[in-house]
Structures are given as structure tokens and as C-alpha cells.
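Peer 1: Given next are the chains, with one letter for each unit.
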Amino acid sequence: MSSEPIERRVSYIGDCLRSCRCSICGKEYFEARDYCGNCGRKSFGKMQNIDLFYDKGTLELCTLVNEPTNKFRKLESYIYGIISFHAGKIRVPGRLTDQILNKNEVIDFSKLEGREVIPRFRRRYSVSPSEVIPTISLAFTLADEYYPHQEYKIIPPTKEYKVPGIVGYGTYTSRFRIKENRIERSVPFIDEDSVTAAVEAGKIALIHSAIDSSQVGKVYVGSESNPYAVKPIASKVAQVLKLGEEEEDMQAVDAVDTEFACKAASSMYKDAASLVNYPESDIKYAMVIGSDNSQAAPRGCPGGELDAFVGYGGSAYIFGKTDVIAEIEGWYSVTSDTPDFWRRDGQPFPLHGGRFTGDPAYFKHVKKASTKLMEKFNLKAEDIDYFVTHQPNPRFPVKVAKQLGFKEDQYAISLKVNKFGNTYSGCSPIGLAAVLDVAQPESRILVTSYGSGAGADSYLLRTTKQIIEKRNRQKINVNSQAENPFIEFVDYTTYRRLKLGM
Amino acid sequence: MQNNPAIVAVGRTKFGEHYGKKPEKLIEEAWLTASSRCKLERKNLEACYLSDCFLPITNKLCLEEGFLSELTQLHVPMEVTSSVSAALLAACNAIRAGVYSTVLVGGIEKMTDRWDKIRDDLMLLEDPWSYYAGGTPEANHELMLRAYMKKYGITGDNIEKLSLALAKVAVKNHAQALKNKYAQFHRRITIEQVISARKNARKPLGLYDFAPISDGASALILTNAKLAKKMTDKPIYVLGGSSATDFLTFPSREDLTGFSATRIAMKKALKIANLSSWDIEIAEIYDQSTVMELISLEDLGFCESGTAWKSLRGTCQDYDGYYEVNGKKLFVNTNGGLKADGNPIGATGGAQIYEVFKQLRNEAGERQVTTRNTIPKIGCIQELEGFGTKAYTTILGGETVEQ
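Quick note, the sequences are listed as chains A and B, same order.
Following this note's numbering, the numbering of the first sequence begins with 1274 at its first residue and continues without gaps.
Following this note's numbering, the numbering of the second sequence begins with 173 at its first residue and continues without gaps.
Hints are computed from structural coordinates only; laboratory data are not their basis.
Being a predicted model, the structure only gives us computed values, none of them experimental.
Among the hints, a few may not be true.
[As the list claims (entries may be wrong)] When the alpha-carbon atoms are kept at most 25 Å apart in a straight line, the in silico DSS-like pairs for lysine-lysine are as follows:
id	chain 1	residue 1	chain 2	residue 2
1	A	K1362	B	K193
2	A	K1594	A	K1557
3	B	K215	B	K402
4	B	K333	A	K1384
5	A	K1347	B	K289
6	B	K322	B	K371
7	A	K1347	A	K1300
8	A	K1515	A	K1426
9	A	K1515	A	K1557
10	A	K1329	B	K323
11	B	K549	B	K443
12	B	K193	B	K353
13	B	K322	A	K1362
14	A	K1329	A	K1300
15	A	K1300	B	K323
16	B	K323	A	K1384
17	B	K371	A	K1376
18	B	K289	B	K232
19	A	K1384	B	K322
20	A	K1748	A	K1515
21	A	K1426	A	K1452
22	A	K1329	B	K353
23	B	K371	A	K1347
24	A	K1384	B	K371
The following block holds chain B by itself, in its conformation from the complex:
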């Protein structure tokens, strides 16, 4: 148990367009914030796990480890992954194995530096054959929605109801982001705006259904349970984490109505944590689109397949900050989600972890959620790479659940 991984501090930058800042500057800001929020001696860092998805393309920066070494003035082992969740999973494994006791995990992305070429890059990296055939990053989400509607026989009036439920997801996320100073958007939107953007686009999803393109960085300090208490009063433990992989070409996947990688990864993570999805009170879901938030609720096991839209619709009516799923409160994307908090791909997972960390420590300020006046005990994070080609699930828990 002494080697159980624990997060002792988190840090992040504001997400959005950081026109004047180099990528190095962003990660510096994030890691310095994290390190200043716990009792950490820089020289005690034994390794760094850094994530970025695009830096070689957007900034012609390879060997990001090198600039992290300059920033930290450390010469420890450093590894690069494509998402913070992947970095965290690798770091947790190392901590559990006793290889390291304290490591830095960070993520960084500078998408706006790529100017207007970013959509082509995103699509090409995400699903090359679909790109060659004329696909766009948005099209796969719309096709998944159509596949979902077809499979669950959503026709007639129900189409409108589903559409409204999805609009409410976007409205909810923008409302949450108002309370998040780091969020990319601080703007309330209305259901009418979401619907009229779709009408203008003549498509099932419109501008307000999708997460933006962002710059940003995030960082966290991970240590083992033995050292955690020395560094902070309230460590947050990684109770379980897992990942799964699916085919790169979306159309060739067995099931087009969801992400089987999420399903597999969540099952494994819950098993490792010895929990069920019922135990989870707060979830940060990878909502690249409103459809993704909806479908991931099913993939993560919170709702029965084909029913999430009904749950959302019911509880979003007068949104109280939570979904009522199976008669139980579930807080989802309290930071505004990718939709409003922003989505600098390689750093996004760090912001999701940041949020759950803060919520479990009762430090989320205006956004702090409670159930019957108690703060949530267990939260989960779902992060995807590509269009569900990889899924990472991480389950975090506060002191009381540490076994």
C-alpha cells in the first residue's frame, strides 16, 4: 500500500489562445504552480512524464524532454506520451513498482500556432482514411450520432428531444466554465444559440456542440502513499487506472455507436479500484462534442446503452449542476468540460485531473459540488486519444477511501 500512487499538487494555465507565449513558457507556468502548492524539493523529482500530441507538427519541436530539462534543471529520465492520462498511467506504474517515489507529470499543447492547418492535422492524425475521403473532425461525431439514433430507433419527436438534450449539455458546460477562471470561454450560451448554429450549418451538430482549439499546459506532482502526507495535508490517491485501444479507422470499427475502448478501460479501472460505477460521484468526461459527453456516460457504465439522452433531458430541465442518472446525482464536467474549459489536446487530461483533484479536496470554490452537504469521495476521468482510438480511465479518491 505504501507504493500506491498519490497526487499531491496540481497546476495549470488558462486554456485558450496564448499568442505571445512559447510552449515552454506554458509548461513552466503549470509546473511551477503545481510545485509551489506542495512541499516539494525540486531535486527530489526522480522522473518526468510529459505529454503532447502535436508539438512536432505545430511548433516543429521534438525532444520536448530537452526543454523540460532546461526548465527544471534536472537530468532525470523523461518520457513523452500523447495525453496526460497516458503519462499518469505510466507514472503510476513506475511508482507502484517502486522504481520512483516522486515524479512530475505534465501536458502541453500549442494548437493555435499551427494557424489554419490544425484541422487538417487533427483529422489526418485521428483517422487518415477518413481524412483522405473528405472527412472532417466534426463529421465523425455527427456520424456517430446518426448511428446512435439508428441503433436505438430514435425517430419523430424523439429526434427533437435528443437534440435538445445535447444542446443542454453545451449550455451546462458553458455555465460551469463561468465559475472557472482558467476556462477558455467565459460566456453564457443559450439553447436557442446552440440550436440556431445547427440550423445554420444544416447539420445535426453545430458550432456550439464542439470543443474549441486551444493552447495550454497542466502539471501534477505524483508520489507514493508513504511520502504523500509529508508533502500535503490532503493527498488524492489514484485508485485505479487503465487504458484500451481501438482501430484507427472509425468506419471499420465493430460498433459505431460508442467507444469500446472506453468501455474496456473503465471496466478494468473499476476492477483495479475495487469499485463500481455507482460509487463515482464526479466525472470529467472527454466531451470533444456534446455527443461524446452523452455517449461516454453510457460507455463508462453510468447509463444503460441508448438511455443517456433521456436521463440528460430530464435533469437538464432546470440544471442544478448535476445529472440525475439512475436516481442518483452525478456531477459531470464541472470545470466546463472540453467544450468550454478548452481542449489543448496534450494538456487536456491534466485539467480534468485538476478538477477532480480540487473537488475531492473541497477546493473547487464556486464550483464545489456536494451531495447532502458532503464533498464527493470518488471521481473519475475519461480521456480519449484520437476519435476513441485510445481511451484512458483514471479513478481518484480522497483520504477516506484509501485502503
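Bound conformation, chain A alone:
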């Protein structure tokens, strides 16, 4: 039995790799501290906090761990070593993650030593299902592989907008895929879950927006695969990404989880936009994250049909009124009590209503929300540049787009279910991100999410000129993750094992 207070304290430091620097002599320490060993009492109050979470380090020394300690058993074998930051000023222990090592291969450690690595927020080790899940960012990936390093630089905003909109966004999927019938789907590594994807997506969004994380006043996390029945993902996100001002060991931010099947996140875009637009609100930015390790029963079991389409990933959107890349012009929502897909409390996998998931559920709600929104703005399909919708499988979004009168060049860019699978709460947001990655200024985007249960939210967005300048800050985007030489394909058994997690 692990100790909750100890786990919490380790996470508090380890999740964002809280460190500090003496502003007198420049000596750096892993773990924040009140004074410097070199400078003594004159350094009180002169220690600057630094997080290594956004930095890149160097793998100085490494070895193989193939007989881990008990709690790391599920990782089987991994590269473990010493990582240095800031030219050796700080050294920390760490393991390389996102690697499935070949059981027979002899690893040449000297080829790994000296390479740059990036901290990744992951599960720390296995605990029993009733315990708090420990996390840590002393897990690293090689900077010259799947995820390049992106610098987090705060840039003061240059332009205020009247209408709120998207200030920045990020999408996160894993490096592993399963490929079946021409469909590639993202598979989490064994130390990943919906919480880690939420944090990673939020990190990428902060880097893209270049806003100060302390100015985020509210964070929503939508998911249907939270590893906890009770305990928000949002609180973890707020603490790791330091959203809002720091007050002792708390963050001055409102954080909440939302749930409405696959529209848990997209439903909150209007709430986030309204919040930053409310005149009396001192909330400058609000973040909405959709993240899922999409659940499906194994093939052959009830609900196992979903196993052909589920993916893993997250998306984060930051809303505000400065340096907006896409203004929210309006929205339209519909809801009905249609139980087309559900998961009872305590059950590991969802079930769905077979053929009723189509017409009376998905198609009916998506079409209604989209047409009503277009009517509201007096628009026809041809007035829209890009159409994005929820992608539970490769067939549905194409069919509904055609029924709404959209042509292939309007919707094809957003179709990512063939690359990542259905990432549930992250699904239509990743589709939107694929469009925002390429859209020119003054493009009109209609994005309609769908959540089983059932409901749809349709949004009308218009991109601004700033979308181009901000695009240059992104090294990790939808395309870089969809087409990447470092993608690793796994078989069905491995996919189920990884998905189950540690």
C-alpha cells in the first residue's frame, strides 16, 4: 500500500520537475529549495523556481533495466539512465519511455548516450486498482524521434479581439499504432492514460498560444475514460501545467471535468468562450481539453465491435480574446435522451445500441445542429470552407457531410479516424486541429461534435490573419503525428496490453 501523502508530494515535484536556480551564483537544484548551498543565508528569497518540464535534457549515461523493481514490472524492460539539464547543472534519474525493446537485441548504450531527451508526463508505476495513481515526468523520449522539442516562450499579445476565439491549440497522440484493414489507430504506451494525454495536449497548446499559464482562469477536461470514477483529471492538469497563479501549493484556477460521451470537451468551447467574454470576469484565458484512452471490450465480447475503431489521444484548446487565430461566430446545440451508447458505473467497457447508433442518434443530431446553425447565419454548404464532425468510424462522417451537401475538399482534411482511430472526446477536436493546421485566414469552419446520449454542438469559426504567424511555432501538429517515420506498429495482443496500462 502506497502512502497518499508521499505520492502527492513526489508528484508535486516530479510531475513538472520543479527545480530552482540561485540568482546569486547560478547554481541549480532539482527540487525547489529556499536557499543555495553555495551562498548560504544571503540567498534566502533569491532562489528562482524553474520547471524542467518544458526543457530538453541530455541522456548522459544509460543502462538496460530488464528486471525492474516490483512496481515497474509491467514495463518489462527499458533504458534507464542519468539525464542532465542546462549543460550538466542539474542531473536527474530517468527512464526512456515509448520503447518496446526487442528481447534479444543487444543495445549499444554509447549510441544513446549524448542524445537529447524531452520529459514526458507519465504514470510512475503500478499500484493496486483502489489506490491513487502515481505520476512523474522522469520519463523521457528522444528529441530526434517522434516528439521534437518545442520551446515554451511567453510572448505578450499584440492584438485584442472583440469576439472571443481560439488562442492556441495542441493535439497529442502516442507513437504506437495498430494497423488493420487500412485503418491506423493510435495506441497508448503502457504508462499512458487519458490523464497523461490531457496534460501533454495542454502543454502543446500552451506552447502554441505562447500565453502565460498563470493567466488561465479555468480548465475543463472532457473524457469518458478517466481512470477514476471520482477525482478530476482537471486538477492534475491545473497543477502540472501551473494554470492560474500559484498560491502556496495550490493554483488559483477553476478546474472541472465534464462528461457527455464524445462531446464532453467540445460542448464546453462555448462556455469557455463565454467566460472570457463576460465583462465582469477576470479570467483571461480558459482551456478545454478532450482526452480519451477510448474504451472498447475485446473482440468477441459484448461491445467488442467498438474495438475496431477506438484510438488514443487528446486535444487542448485555449480560448481568449487576444491574438485569436479563429473567432467563434456562433453555435447551435441539440440534445435528446437517446441511449445509443453507454457504460454503467463499475463496468470496464461501454456498450452500444447496434444499428440505432446511426440514424436516430449520430445522423439525426449532427444534421440538426449543423443545419440549424447554417440557417441561423443564413449560410449554405458552399459558403463554408471546411466541415468537421465526429468520426466514430470512417463511414459516418463522410455520409453525413454528403447529406449536408459538403464536397470532399471541404471535409476530407479533417478526417483523421483512419490515422488515429476514434479518440472519443478528443475526436472532433483533432479533426478541427487538422483543419486549423492548414487553413488560410478568413476561412469559415463548421465543426459539429457528437456525443452519444445524445447531443450535438455545432460551431461556426472564422480564422484570422494571426493563424499564419502562430503556425510557425508548432513543430508538433496533426500531420507530424499522422505521418511520422518513428511510428511503431503493434499487433493486436500488444495493443490490448498497452491499452490496459500499468
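Starting from the known structure of chain A, fit chain B onto it as the hints suggest.
Peer 2: Structure of chain B alone, referenced to chain A:
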């Protein structure tokens, strides 16, 4: 000089798995052996210094002093430390200060009672951040070896030579343990076995490079120089002892290629003893791994930094029971070292002292070492706590060197 501390008797149990024995039983065995080997009246014991590293975790035993009180039926002051060397150092200070004249020093550990959780405990206590990051007790040794190779530019053919030198350390220690009835392993191993274990593990170090997990206890009776002769014919004097401390998190230490705590502690101990490392003929080194034996030879000042592996390689060729370091014989880990004698952490130091004590008294039997037909006069013991977080060095000498 009358208050100089002197060891008059030592005792220990066999190291290994003591499945059926309670920890109390082990320390009883060790202390009774020690007390029966000198003229000691139990009531003359004025204090006990007991060491254990893990008992509260492995056996849910705290206040070990209490059961020692029951065993000895004594109500004297008792203190607990984490290693025998630490207990000895504290006891020596008390003797020197004249606070006590005769004390019992003992150590005990019952690691196998913890079943398969012991590795997690070891790592967590040794270096918590490394544990949280996925480290294992073995990984730190391997990283230290890689750091060593990098710093001293050991590449190409030399890697193989270094690797062979390390294998010979393990082979030597197993060979020595054959002559030690208390040792955990009585099994000769070959260089091929050591190398093939590494190959199977696909790592620089393998199964035969590491000390085992053990149960055991050790004890010694310490008194002052004035009383020593009354209790035994050949007291062994503690000529010097010291300790030093380093950071808990191994990666954050300044130097990853050795243990600076050992270096500092050894310098101080030699200074106290007014000796140089040249005077030492026999050394019990804390070889949790073969790398540790190698690197400690440098840290203790026997070899120049970065050269120990060459000395080992040369002299291990046809192992005669000693290393030839700087043209001089040095007997290292004649009891088989932690590698083969066993490593019940809280009792290990007692076994190291036991060995030097026996060697200096010409009582080591089959293992007895000699240089030009004379028995060694001065020996040293290096004991570490954690992965070099603490280092203790103790220098012992027989009658002739007592000033």
C-alpha cells in the same frame, strides 16, 4: 593511550537464508560467540551499540534495543545505527572519551523475511528519486561503470579487458569464500559463467557481479587498551576510524565515477591513525558489486584514479590471493567479500571486521594471508550505507603497531 579502543573478541553467524530463525536468534548466536571468546563478565558490559538497516521494514521490529536487553538481561544504554561500522565508530568515541570501558557492538539483518519486496525497499531507501524514475539497485552500479569508462576513455579492446578484470573479482571472491565456513556461497565460479550471465542480461554487469540478499548477524566486544590485555592475549586496536556523507540522489552528485564519501573518510581515518595507505596490507572492501570493489580501491587511495582495473587485470591472471598494487601485495576481501560471504546490510560490517581481526591475529585458518612469512599488521575496513551516501573507514592494527 589507555582509552584507545581495542577489539577483544568477534563473533558472527553464517550468512545466507535463515528461514527458520527469528532475528533475535541470530544476534544471540553472534554475541554469545563473541563473549565466549574472551574473558568477559556480562555485567561488565556498560553499553550496547546495535546496527540494523531494515528491521522495522523487514520484520516490523522497532526498538531492537528492547530484545537485546531481554537477550543480555542488561539494562544499560543501547543505541541503534544503520551499519556495524557506524556502531563501532560511536562506540570508539565513547571509549576514547572514557564514558564506557567495555561495550558490545553488534549488527543484524533479516532481509529474506521481506520476500520479494526487498529490492523495492533497498532501492527506495537507497535513492528515492532514482527508484521513482525506474531505477534498480543494480542500475546505479552499471551507470557508475559507464561513467568510469567514459571519464577514463576506456574504449575498444580495453572495454573487454576491463570487463574481464571485473569478472576476475567475482571469481576471486567466490574462491575465497570456499575457505570461509560462514560464507553464503560455497561454490567456485568461472570467468565464463560471469561473462555469460552478463550476456544473458545484455548489460555490462550480470548476476555474478552483485552481492546477494542475506540474513545474518555479527558482534564484537570493544574495550579500552588498559583492560584489553586482561580479556584476551591479542587485542586488535582501532587505530583510526572516520565517516563521510554524500547526497542521497546518486545522479545529483558531483562525481559519478566513485564515492567521494569514501575518499574523505579514508583520508581522515589515515590521519587519525597516522598512517598512509601504503601501510595497509589487508582490506575488506564493500563490494556490493564487482565495480564497487574496483572503484573503492581507487577511492581508498590504493590505486591512482582510473588505473585500478589495470592492476586487477595483471594480478588476477593467476590469482594468488592478493592484488599487486603499485608493486605491493594487497589482500582484498579474503572472506569472499560481500559478493560471496553475503551482505546482510546491518551485519555486513561486522563480518568485515571479523575477517581483519582474524587475519591480524593469525587465526584465519585456511584463509590466513602472509607477506614474506609474516602476518599482516594493519588492515582496513570500508563500509558504505546506501549507494555511497555514507562511507565508514576503520583501520585496525595488532599489538606491534600499538603506540
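Peer 1: Does each hint fit the structure? Answer for all of them.
Peer 2: Structure-based check of each hint:
1. The suggested pairing of A/K1362 with B/K193 is violated, with an alpha-carbon distance near 49 Å, which exceeds 25 Å.
2. For the hint linking A/K1594 to A/K1557, the alpha-carbon distance of about 8 Å falls within 25 Å, and the restraint holds.
3. This hinted pair checks out: B/K215 and B/K402 have alpha carbons roughly 16 Å apart, not beyond 25 Å.
4. For the hint pairing B/K333 with A/K1384, the CA-to-CA distance comes to about 21 Å; that is within 25 Å, so the pair holds.
5. Restraint check for A/K1347 and B/K289: the C-alpha separation of about 16 Å stays at or below 25 Å, so the hint holds.
6. As the CA atoms of B/K322 and B/K371 are separated by approximately 21 Å, the hinted pair is consistent with the 25 Å bound.
7. For the given pair, A/K1347 sits about 37 Å from A/K1300 by alpha-carbon distance, which is inconsistent with the 25 Å threshold.
8. Proximity of A/K1515 to A/K1426 is assessed by CA-CA distance (about 15 Å); at most 25 Å being required, the pair is judged to hold.
9. With a C-alpha separation of about 15 Å, the suggested pairing of A/K1515 with A/K1557 holds against the 25 Å cut-off.
10. In summary, the hint linking A/K1329 to B/K323 is supported, as the alpha carbons are separated by about 23 Å, within the 25 Å threshold.
11. A C-alpha spacing of about 17 Å is found between B/K549 and B/K443, which places the hinted pair at or below 25 Å, so the restraint holds.
12. For the suggested pair B/K193 and B/K353, the alpha carbons sit about 19 Å apart, so the restraint of at most 25 Å is met.
13. Between B/K322 and A/K1362 the CA atoms are separated by roughly 19 Å; this keeps the pair inside 25 Å, and the hint holds.
14. Of the pairs offered as hints, the one joining A/K1329 and A/K1300 holds, with about 18 Å between alpha carbons and a cut-off of 25 Å not exceeded.
15. In summary, the hint linking A/K1300 to B/K323 is supported, as the alpha carbons are separated by about 23 Å, within the 25 Å threshold.
16. A C-alpha spacing of about 16 Å is found between B/K323 and A/K1384, which places the hinted pair at or below 25 Å, so the restraint holds.
17. The straight-line distance between the Cα atoms of B/K371 and A/K1376 is roughly 12 Å, inside the 25 Å bound, and the hint therefore holds.
18. In summary, the hint linking B/K289 to B/K232 is supported, as the alpha carbons are separated by about 14 Å, within the 25 Å threshold.
19. The hinted pair formed by A/K1384 and B/K322 meets the criterion: a straight-line CA distance of about 13 Å does not exceed 25 Å.
20. For the given pair, A/K1748 sits about 22 Å from A/K1515 by alpha-carbon distance, which is consistent with the 25 Å threshold.
21. Between the alpha carbons of A/K1426 and A/K1452 the distance comes to roughly 37 Å, so the proposed pair goes past 25 Å and is violated.
22. Restraint check for A/K1329 and B/K353: the C-alpha separation of about 54 Å exceeds 25 Å, so the hint is violated.
23. A C-alpha spacing of about 23 Å is found between B/K371 and A/K1347, which places the hinted pair at or below 25 Å, so the restraint holds.
24. Annotation: proposed proximity of A/K1384 to B/K371 holds, straight-line Cα distance about 18 Å (limit 25 Å).
Hint compliance for this structure: hints 1, 7, 21 and 22 are broken, all remaining hints hold.
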